[in-house]
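Sequences listed follow chains A and B, in order.
Heads up, our numbering is the position in the first sequence plus 44, with the first residue counted as 1.
Heads up, our numbering is the position in the second sequence plus 30, with the first residue counted as 1.
Be aware that a few hints might be false.
As the list claims (entries may be wrong) - Short, incomplete list of chain B residues facing chain A, as computed with Cβ under 7 Å:
1) Glu-334
2) Thr-353
3) Asn-355
4) Gly-371
5) His-372
6) Ala-375
7) Asp-377
8) Met-386
9) Thr-387
10) Val-395
11) Gly-398
12) Phe-399
13) Leu-400
14) Ser-429
No lab work stands behind these hints: they were computed from the structure.
Fair warning: this is a prediction, and the values are worked out from it, not measured in the lab.
For every residue, glycine included, the Cβ atom is placed at its ideal position computed from N, Cα and C.
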Amino acid sequence: MLVLEKRPEPSALWRWLAPILAVVLTLVAGGVMFAILGKDPLAAIRMIFWDPLFNETFAAYARPQLLVKAAPLILIALGLSFGFRANIWNIGAEGQYIMGALAAAGVALALYPLDAWWLFPLMIVAGALGGFLWAMIPAFLRTRFGTNEILVSLMLVYVAEAFQAAMALGPMRNPEGHGFPGSRNLQDYPAAHNAELVAGTGMHWGVVTALLAVVIGHIVLNRHLFGFQVRLTGQAPKAARFAGVDADRLVVICLGISGALAGLAGMFEISGPSGQVSIDFNIGYGFTAIIVAFLGRLHPIGILLAGLLMALSYIGGELAQFGLGVPAAAIKALQGMLLFFLLGVDVFTNYRLRWQPGRAG
Amino acid sequence: MSDAPLLVVDGITKRYPGVVANDHVSFDVGRAEIHALLGENGAGKSTLVKIIYGLVQPDEGRMTLEGASYTPAEPREARAAGIAMVFQHFSLFEALSVAENIALGMEDPPPMNALSARIREVSAAYGLPLDPERLVGELSAGERQRVEIIRCLLQEPRLLIMDEPTSVLTPQEVEILFRTLRRLREEGRSILYISHKLEEIRALCDRATILRLGKVVASCDPRACSARELAEMMVGSSFTQPERTQRPFGDVVLEVEGLDLPAGSPFGTSLKDISFRVRAGEILGIGGVAGNGQEELLAALSGERVTAAEAVRLGGEPIGRLTPNPRRARGLLSAPEERLGHAAAPDMTLTENAMMTGAVRRRLVERGFLRWQAARRFAEEIVHRFDVRTPGVGHVARSLSGGNLQKFVIGREILQAPRALVVNQPTWGVDAAAAAAIRQALIDLANKGVAVVVISQDLDELLEISDSFAALNAGRLSAPRPTEGLGIDEIGLLMGGVHGAAPSSAENERPGETV
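The shape of chain A in the complex, shown without the other chains:
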């Protein structure tokens, strides 16, 4: 009889092996899926994971895109990871991302056409603040009334989306836009434009911020009292309380950090790659970041790598859609598989399989 038994200590080997094995299993299962869809599995996998980086035709476009897409994922996932470690489940980063973007765009559009160096920093502050305040709603309701932050933060995504549509059709609509929905394009507004820092690299201020956040996150998690309190709360809430951690304060800080970082991500996106407040400028970074956070083991370096991998699957997925006619849903399924296998394989960090001789049942 095969039995699953708890390891005396978590396996350090499996902690790092699990994500790698999960990627391998995803490739295998994804290949099977593509085969069932009638596509050549090897060609599909190659186009998704290899061509964006190394194919001569695509790489010039795809490589910068990798940074552009990975930066918001990393930024949001990093913020979420602190809360997730402490069992504080902010599922509404998408909403905070939208509100951050709207706050930043709102500032820029209200001051249009301003030409001042301080506009961009002001937008950064507004973006972070927008996301932060939106996250304070579930934080307040949980600490004051004991509501479930999962539901509240998730529901607020839909509120934010409705608000975004109202903005795109109402106050923020481009007065010179001939009645079409959508705001002025911030890419054409030099003081507010989050432009590429070095042409052709994809490197913009959001990428710089994401990398900086990874470094700071790593230090805070491992060297700062706050990171310690987060880990302690997640592993043993009673012990955390005994160690003097204020649980309510931690909820507020964790939701605040994730909200602010999601808002920042929204700000860099709306002022750069997206450019325009439209009905649907958000493309689900806030939700995908949840997968990135877990795939990266809630660890800053892991999140950096997971963000890049997930961005790769987006870009490669688009290539495969055009190149091989793979349906978009199949790409989403592939991304879902990644999380599915990771959580499955994760069991082996704390458990091991052992063959137990003797009777069955």
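Assemble chain B onto chain A, guided by the hints.
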């Protein structure tokens, strides 16, 4: 005792990764016999009875019951064969009544009325007073145990296994239990009685099998052995008992006055008007049956729950409103009962666990940043000074045995040089040698002029180390009195809620509790 034994255990072996829990264990239980299974924590007693009860499958060996091969794959088969078990930790639903709880455990429960009648019948026949209509959440630990025992007796078992049954009982409740067990023996039933309390085994049991490190090391008639002989067989060597020394007391350090605290959970206990003082160099022992407010009292002293500022004073300063770390800064330290998950984080390393409470007094945090080197040295100091057996401080807390982790937890607080230390159940589930070391450390601490409060359900422990004694009952504390000259009967009455001349209102709130 009749000739053929009821249960024969032959060469049972059970291996877990890194440890052999049972190593070719053989013994037998006779008919109408109370058979003691004696051993320290980790000796393999629990694994062995779980095998007998069908919860764990042995790797090797065989068992026979009344001469027939007996291989229970699950507890249901054990019950069908006439074996019942009362666990140390009860599995009862607090929000359901006694009868409902019992019905839940039955294969084919009779109608509720019939069942209630049957419960009343059995409880009367065996002298175990219990009202089937009451909610389990309102019952004392002793009464809850009766629910479990009656649940077993309804199955008419031939063999009843009892795992550490007296750890939650007052001395009077222990007497009731023993009377019941003796009556069961007279009826021809057998009892396998697991304990590490030597005196009660000598008082109750006909035979004893002694386990050490998974092996049977001796078998004897406990009535013919002294407690010391039994202890040495159990531990395998002699160890020094801690000694209480006479010492002068200093000024009052910790003072609790009129402390009220509402219960933290629906079936928790609220503290009512608790007052005591502990002087420098004094050990105050607080006895009482589990669930009478011990956890709440520790939380109120550690700062996990805040109270009126004046209710708790340290060196005269009101600290009732302070949270744990400001209290630590002032020198009031504590160690809660639950080692894994409360006093220590199971999946964190010993270094991290040293950081957990040592940060303030050992200056392990500087401007918000953690000094891991210093924390590591602190953890190593604890391991070294308190003889914690571990390959290194980089290992997680849950990989340590109960006794070693407890030494770590107590040592962590002692090495922070407290002014006052509060510990709850400092030696619960700890092997005898480690328990003796912990008690000695607490006495040494008091000798240095620290005020110590020991909350414990182990009366022998309190009588051994404390200078004064008080009992918690239903959230109230009796007036502390000197331990010297205090009789066990008197203590039993205090624990049952009879606080000296003035009867408290506690009796009214807990009918059926007083004996």
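Each hint tested on the structure:
1. Glu-334: holds (5 Å)
2. Thr-353: holds (6 Å)
3. Asn-355: holds (4 Å)
4. Gly-371: holds (5 Å)
5. His-372: holds (4 Å)
6. Ala-375: Holds, about 4 Å.
7. Asp-377: holds (5 Å)
8. Met-386: Given a least distance of 5 Å, the restraint on Met-386 (chain B) holds.
9. Thr-387: Constraint on Thr-387 (chain B) satisfied, holds at 6 Å.
10. Val-395: Because about 5 Å separates Val-395 (chain B) from the closest Cβ in chain A, which is inside the 7 Å limit, the hint holds.
11. Gly-398: holds (5 Å)
12. Phe-399: holds (5 Å)
13. Leu-400: Holds. Min distance 6 Å.
14. Ser-429: At about 5 Å, which falls below the 7 Å cut-off, the nearest Cβ of chain A leaves the hint on Ser-429 (chain B) intact, so it holds.
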